[in-house]
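Peer 1: Letter by letter, the sequence shown follows residues 1 to 102 of UniProt numbering.
Each hint should be verified, as a subset may be incorrect.
[As the list claims (entries may be wrong)] Lysine-lysine pairs mimicking DSSO-like chemistry, simulated, CA-CA at most 30 Å apart:
{"hint": "1", "residue 1": "K93", "residue 2": "K81"}
{"hint": "2", "residue 1": "K81", "residue 2": "K98"}
{"hint": "3", "residue 1": "K47", "residue 2": "K102"}
{"hint": "4", "residue 1": "K93", "residue 2": "K47"}
{"hint": "5", "residue 1": "K72", "residue 2": "K102"}
{"hint": "6", "residue 1": "K81", "residue 2": "K31"}
{"hint": "7", "residue 1": "K47", "residue 2": "K98"}
{"hint": "8", "residue 1": "K72", "residue 2": "K47"}
{"hint": "9", "residue 1": "K31", "residue 2": "K47"}
{"hint": "10", "residue 1": "K41", "residue 2": "K31"}
{"hint": "11", "residue 1": "K93", "residue 2": "K72"}
{"hint": "12", "residue 1": "K72", "residue 2": "K41"}
{"hint": "13", "residue 1": "K31", "residue 2": "K72"}
{"hint": "14", "residue 1": "K72", "residue 2": "K98"}
{"hint": "15", "residue 1": "K41", "residue 2": "K102"}
{"hint": "16", "residue 1": "K31", "residue 2": "K98"}
{"hint": "17", "residue 1": "K102", "residue 2": "K31"}
{"hint": "18", "residue 1": "K81", "residue 2": "K41"}
{"hint": "19", "residue 1": "K102", "residue 2": "K81"}
{"hint": "20", "residue 1": "K93", "residue 2": "K31"}
{"hint": "21", "residue 1": "K98", "residue 2": "K41"}
{"hint": "22", "residue 1": "K41", "residue 2": "K93"}
If you're looking for bench data, these hints aren't it; they were derived computationally from the structure.
The structure presented is a predicted model; accordingly, all values stated were derived computationally and were not measured.
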Amino acid sequence: MKHFYLIIFFFVCTLGFSQETTSSSDIDGFKLYPNPVTQGKVFIETKDNAPKQILIFDVLGTQVLQTTILGKELNLSRLVKGVYILRVLENNKVATRKLIVK
1 MKHFYLIIFF FVCTLGFSQE TTSSSDIDGF KLYPNPVTQG KVFIETKDNA
51 PKQILIFDVL GTQVLQTTIL GKELNLSRLV KGVYILRVLE NNKVATRKLI
101 VK
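Using the sequences and the hints, build the whole thing.
Peer 2: Rendered as structure tokens:
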């Protein structure tokens, strides 16, 4: 059953990425640090530093966190150690990165 969710996740990501190339692009000046996260906080910087919608998924594609940040700091202390997929939406642009929590 876990393999089924993983396949669905990759299918959805593929559809999402294919749509991004026509309507949006990677966020200008995107920086994510520190990665891997060790202190429970991560900082996300962009050129515009506008409000950002944050989505975090585990490796099975289950959404584990959804929030909006106004500054640069994102608290990840609720996440258990592991590998995640971070998706940031800002001004109709999207950036997707691998996030490691130690």
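Peer 1: Each hint: holds or not?
Peer 2: Hint check results:
Proximity of K93 to K81 is assessed by CA-CA distance (about 28 Å); at most 30 Å being required, the pair is judged to hold. The straight-line distance between the Cα atoms of K81 and K98 is roughly 13 Å, inside the 30 Å bound, and the hint therefore holds. A hinted pair counts as satisfied when its Cα atoms are at most 30 Å apart, and K47 with K102 qualifies at roughly 28 Å. Proposed proximity of K93 and K47 is supported: the alpha carbons are some 12 Å apart, at most 30 Å.
Straight-line distance between C-alpha atoms of K72 and K102 comes to about 20 Å, which keeps the hinted pair within the 30 Å bound. Note on K81 and K31: the hinted pairing holds, with a Cα-Cα distance of about 21 Å set against a maximum of 30 Å. For the hint pairing K47 with K98, the CA-to-CA distance comes to about 20 Å; that is within 30 Å, so the pair holds. Taken as a hint, the K72 and K47 pair is honoured in the structure, with Cα atoms around 11 Å apart against an allowance of 30 Å.
This hinted pair checks out: K31 and K47 have alpha carbons roughly 9 Å apart, not beyond 30 Å. For the given pair, K41 sits about 14 Å from K31 by alpha-carbon distance, which is consistent with the 30 Å threshold. Restraint check for K93 and K72: satisfied, since their Cα atoms lie roughly 17 Å apart, inside the 30 Å limit. At most 30 Å may separate the alpha-carbon atoms for a hinted pair to count; K72 and K41 meet this at roughly 10 Å.
Our distance criterion of 30 Å between C-alpha atoms is met by K31 and K72, whose separation comes to about 10 Å. For the given pair, K72 sits about 18 Å from K98 by alpha-carbon distance, which is consistent with the 30 Å threshold. Of the supplied pair hints, the one linking K41 and K102 holds, its CA atoms being roughly 11 Å apart against a limit of 30 Å. For the suggested pair K31 and K98, the alpha carbons sit about 12 Å apart, so the restraint of at most 30 Å is met.
Distance check on the hinted pair: K102 and K31 sit about 19 Å apart at the alpha-carbon level, within 30 Å; holds. For the suggested pair K81 and K41, the alpha carbons sit about 13 Å apart, so the restraint of at most 30 Å is met. Taking the CA atoms of K102 and K81, the gap is near 5 Å; set against the 30 Å cutoff, the hint holds. The suggested pairing of K93 with K31 holds, with an alpha-carbon distance near 14 Å, which does not exceed 30 Å.
Simply put, K98 and K41 have alpha-carbon atoms about 15 Å apart, close enough for the 30 Å limit, and the pair holds. Distance check on the hinted pair: K41 and K93 sit about 23 Å apart at the alpha-carbon level, within 30 Å; holds.
This entry satisfies every hint, going by the numbered hints stated previously.
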